[in-house]
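Could you build the full structure based on these sequences and the hints that come with them?
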Amino acid sequence: MIRSEILREIAPILRDQLVVCNIGLPSQELHMIDDQPTNFYMLGTMGLSSSIGLGLALAQDKTVISIDGDGSVLTNLGTLPTIANNVADNYILLIIDNGSYGSTGDQPTYAGKKTKLENVAEACGCENVITVQDKDLGPVLQKAIDDRKMTVIVCKCDSGNIKLPVITMDPVVIRHRFMQAVQA
Amino acid sequence: MNIDKKIVDDLVANDISFVTTVPCKQLAGVIDEVEARDGIFHIPSNKEDEGMGLCAGAFMGGKRPMIIMQNTAIGVTFNTLATLTQYYRMPLPMLISYRGELREPVACQVEMAVHTKALLAQMNIPTYHFHWQKDVEELDNILKYTFMCNKPVAILTDANFWGGYGDQ
Ligand SMILES: Cc1ncc(C[n+]2csc(CCOP(=O)(O)OP(=O)(O)O)c2C)c(N)n1
Ligand SMILES: [Mg+2]
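Residue numbers (our numbering), protein chains in the order written: chain A, 1 to 184; chain B, 185 to 352.
The set of hints was computed from the structure by calculation and includes no laboratory data. Nothing here was measured: the structure is a model prediction, and the numbers come from that model. Among the hints, erroneous ones may be present.
Calculated lysine-lysine pairs in the DSSO-like style (CA-CA distance at most 30 Å, straight line) [to be verified]:
1) Lys335/B / Lys62/A
2) Lys301/B / Lys209/B
3) Lys62/A / Lys328/B
So, in structure tokens, the structure goes:
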């Protein structure tokens, strides 16, 4: 499966949760598949989906899912020790690990080579790291939500992208709508 | 006056409850004070742009955030300031140790000091420079201003403000 197929499959699970979605195609895909006020679309700032999600989870009680990419986690590797050492049981980091920088044309990342992000996360002190194959993600994600235990999910999948439009919504509108959903 | 205590009193009075830090020798006392306060959640970050991401999330979660950092890190934060903090219009007070200014003993620190204000100006970031201890009287107003306008705002604090670096 490729990322867009995964997002299509988990969209019904994501719908009721606060979601911080990574820059580029992941946000465009989620926006196209199931736009929700509970989605915070990143329009830039590669690497910070996990950090924004953690800050949000630590600041309030609702469950937060950061959808991240392998390349983006690699660019902000310092996030994993911060997550490990500041446990928020309403926080799930979902790394879509397609082994490539998908949005820029699927150039390979080191996560697609020797580096195993699940091992990195564990070495950083993350206690609940689950590696899952694309087709099995749904139940794993639902269980992580139900368990209310901070979880890092590394979802292995294929590289590959679909053609779709950019998000034209104004960032302040995205943010305002999202903050209203957080408070609701 | 205990300057560290005074600063953190102002943070608390302005309802700032989520503070991320990357240390500087000059900031050691204020970071200790942040850590010690019950009303503040202190989350050290590994890099300043990461910290700004945490702050963005905390803000959207209803908390007033702040970052405490050294001016040498300003370069690594520009993408985040432009495409997250400013683009989505979020407030962020940045208490920055202004290394490489008067009374600085480490020559290398001057190399970023000479760029600091120009870079902040280029980013249209309102910037205040604390040089004398009494300048801290402005902090309360600066914090109110930051959360009024929803912008990142820089407070540069040099060695003289902290009572000297080499001799403290
Ligand atoms: C600082 C910075 N460097 C590079 C880019 C270009 N860029 C945008 S998305 C992306 C790929 C992200 O890859 P990954 O996190 O693995 O997500 P994927 O698209 O594969 O799901 C890159 C390199 C950028 N936006 N910002
Ligand atoms: Mg990828």
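Status of the hints after comparison with the structure:
{"no.": "1", "hint": "Lys335/B / Lys62/A", "verdict": "holds, 26 Å"}
{"no.": "2", "hint": "Lys301/B / Lys209/B", "verdict": "holds, 21 Å"}
{"no.": "3", "hint": "Lys62/A / Lys328/B", "verdict": "holds, 28 Å"}
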